[in-house]
Amino acid sequence: MIPFETQNSPSIITELLYRLKIKDIMTHPVRSADPTTRLREIQTTMRENKVSGVPIVEDDRLVGMISVDDIIRALDQGYIESPCGVHMSRKLVVLEDDMPVSMGLSHFEKYHFGRFPVINRDKELVGIVTSRDITSALLTEMNRALETLEAEINSQAAPVAAGEVKRVFVVRQFDYENAGRASTELKKLLQERGVSRKTQRNASVASYELEMNIVNHSLGGRMIYQFSADRVVIEASDRGPGIPDLAKAMTEGFSTANDWIRSLGFGAGMGLPNTKRVSDDFSIESTVGKGTTVKVTIVFETAPTPQEKPA
Amino acid sequence: MTIADLEARLGYASLVAYTDAELAGAYTSDLLSDVIAHAPENSVLITLQAHKNTVACASLAGVLALVLTGKAEVPADLLDAARQENLAVFRTADNQFTASWKIAGLLGLGLGPIPGSKENL
Amino acid sequence: MTFQQVLETVGGTVIVKGSRWDVQEIQHVMACSLMSDVLVTEEDDILLVTSLASDQTARTADMVGACGIVLMNDKTPQAELVALCRELDLPLMTSSLPAFECCWQLGNRLNGPATPKS
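Read top to bottom, the protein sequences are chains A, B and C.
For the first sequence, the working numbering begins at 369 and goes up steadily by one.
For the second sequence, the working numbering begins at -16 and goes up steadily by one.
For the third sequence, the working numbering begins at 3 and goes up steadily by one.
FYI, nobody ran anything at the bench for these hints, they're computed from the structure.
Every residue gets a Cβ at the ideal spot worked out from N, C-alpha and C, and that includes glycine.
Errors might be hidden in some of the hints.
[To be verified] Here are some chain A residues the structure puts well away from chain C; computed CB gaps all over 12 Å:
#	residue
1	400
2	426
3	580
[Unchecked claim] Computed list of lysine-lysine pairs in DSS-like fashion (alpha-carbon distance at most 27 Å, straight line):
#	chain 1	residue 1	chain 2	residue 2
4	B	54	A	389
5	B	35	A	389
6	A	556	C	119
7	A	534	A	663
8	B	54	C	19
9	A	663	B	35
[To be verified] Incomplete in silico selection of chain A near chain C, CB under 10 Å:
#	residue
10	478
11	562
12	576
13	622
Chain A on its own, in the form it takes in the complex (with noise of 0.2 Å):
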């Protein structure tokens, strides 16, 4: 069995199993047949095409399934060369293209057959999966998730102005294990420097917010917090997709969020509302297809005096 589990398994692997949707692991186009092709040849189709199991269509709707055990028991009992229409298997269990994998991963759980049949909206047969499709489509995203972590470690370059304090965050698409690590950062430098309890909350919410905001919606994208005397100024910036109604994401209870960052606590519409109330001065910039930049100044309520501040 697939050793990969919605409850236990660590964010980053539950969360693909709910973004991938089977149309995007399925393959396709399959190889189909009619009630009317004889075993013998759907026989020479699976061995020529090294897959295990071919669906019966007739008049663009599936009927069946047939099978290696199939063509197995047709070898035994001497029927290879009758149409499959009469022996195929008409109990289907079948997956539809909108699903998301963790629902095929139920379904092997559950049902033992090697393969599932996938239908979309209009109930056309549009592809095939198998256990292997899935482990190998998130070992592929896995790996693409590592080498945008790594590309961005890379491109840091980091530029510290003089008597300023920069610091930088690499934020990651749907990495819910370090999700608001950089705000929980930036609390603790802003209680370092002595700020009021009310500037460390409206920093820290803002700054929450829209880290958030990446891990949930974005591609991926960066915190950086750049500390003056009298204030701090966020800037949270991700490569894309972009907001393409800034006045409607600007609108309290306007969600994009589906489902499943719901059920993570997230995604009721207020982050960027939010992050303006809290904020002293705030900016946003977005391009679909390029990215987003949120920029907000939250000046400190009385001034920190880091060199007197009691020890």
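Since the structure of chain A is already known, use the hints to place chains B and C on it.
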């Protein structure tokens, strides 16, 4: 208590017309899967999940009324769905904690039995 | 209300006590499992009652300056959540009560039973 008490006694704003009925209990949750699995029948659901799917889940569980907390706008498709399912919908500025406490008061729930606490340090 | 009273009220189990257990006076409670909604709260030192068992709960609590966390609905806190509560000195307890029961028990303890006008 009945559905109308939410409006009459707590001042919650009713967003769709409804048929009054006796409420047997209440359930507070933001997670729809939890609502389907655990919300009791003939109850009021207190949630800040102002989403069309909330109506579907609530009516699957046999919930009679929704109390929506939180600041987000209540979408029109939620209200349409509620009319179809004959589900009462109320909105309040109270947060979930306060709304739950007040509704417990309406249901006549006092200080209940306190289960034994454990320390696990 | 003290943490000890909260613990007794919700029949809870202490997971992290932290240094403020005996000194913190709790005046505000917020029950919420959607962290985005916690982030809009205006009050300081809230007690966060939630069923989200991941470390995001502690991060969010920390951001808004909450004083402690009750993990309800019989949820088992993830190891990362426990570790982060220790690191941030945030008291954490679990309770088997569902949200509605948690809220009315804590509300009654904090304010007495609600008496809506008749």
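Here is what the structure says about each hint:
Under the 12 Å C-beta cut-off, the non-interface status given to residue 400 of chain A relative to chain C holds; the minimum distance is some 44 Å. In this structure residue 426 of chain A is separated from chain C by more than 12 Å, as the shortest Cβ-Cβ distance comes to about 48 Å. Non-interface status of residue 580 of chain A relative to chain C is broken: a Cβ of that chain comes within 12 Å, the nearest being about 8 Å off. For the suggested pair residue 54 of chain B and residue 389 of chain A, the alpha carbons sit about 33 Å apart, so the restraint of at most 27 Å is broken.
Restraint check for residue 35 of chain B and residue 389 of chain A: satisfied, since their Cα atoms lie roughly 23 Å apart, inside the 27 Å limit. Of the supplied pair hints, the one linking residue 556 of chain A and residue 119 of chain C is violated, its CA atoms being roughly 47 Å apart against a limit of 27 Å. Of the supplied pair hints, the one linking residue 534 of chain A and residue 663 of chain A holds, its CA atoms being roughly 14 Å apart against a limit of 27 Å. For the proposed pair residue 54 of chain B and residue 19 of chain C, the alpha carbon gap of about 33 Å is over 27 Å, so the pair is violated.
Taking the CA atoms of residue 663 of chain A and residue 35 of chain B, the gap is near 33 Å; set against the 27 Å cutoff, the hint is violated. Interface hint at residue 478 of chain A: violated, since its Cβ lies 25 Å from the closest Cβ of chain C, which is beyond the 10 Å cut-off. This hint is violated: residue 562 of chain A has a C-beta 15 Å from the nearest C-beta of chain C, more than the 10 Å allowed. Nearest Cβ of chain C to the Cβ of residue 576 of chain A: about 5 Å, under the 10 Å cut. The hint holds.
For residue 622 of chain A, the interface hint is violated, since its Cβ never comes within 10 Å of a Cβ in chain C; the closest pair sits about 12 Å apart.
In summary, the numbered hints that this structure violates are 3, 4, 6, 8, 9, 10, 11 and 13.
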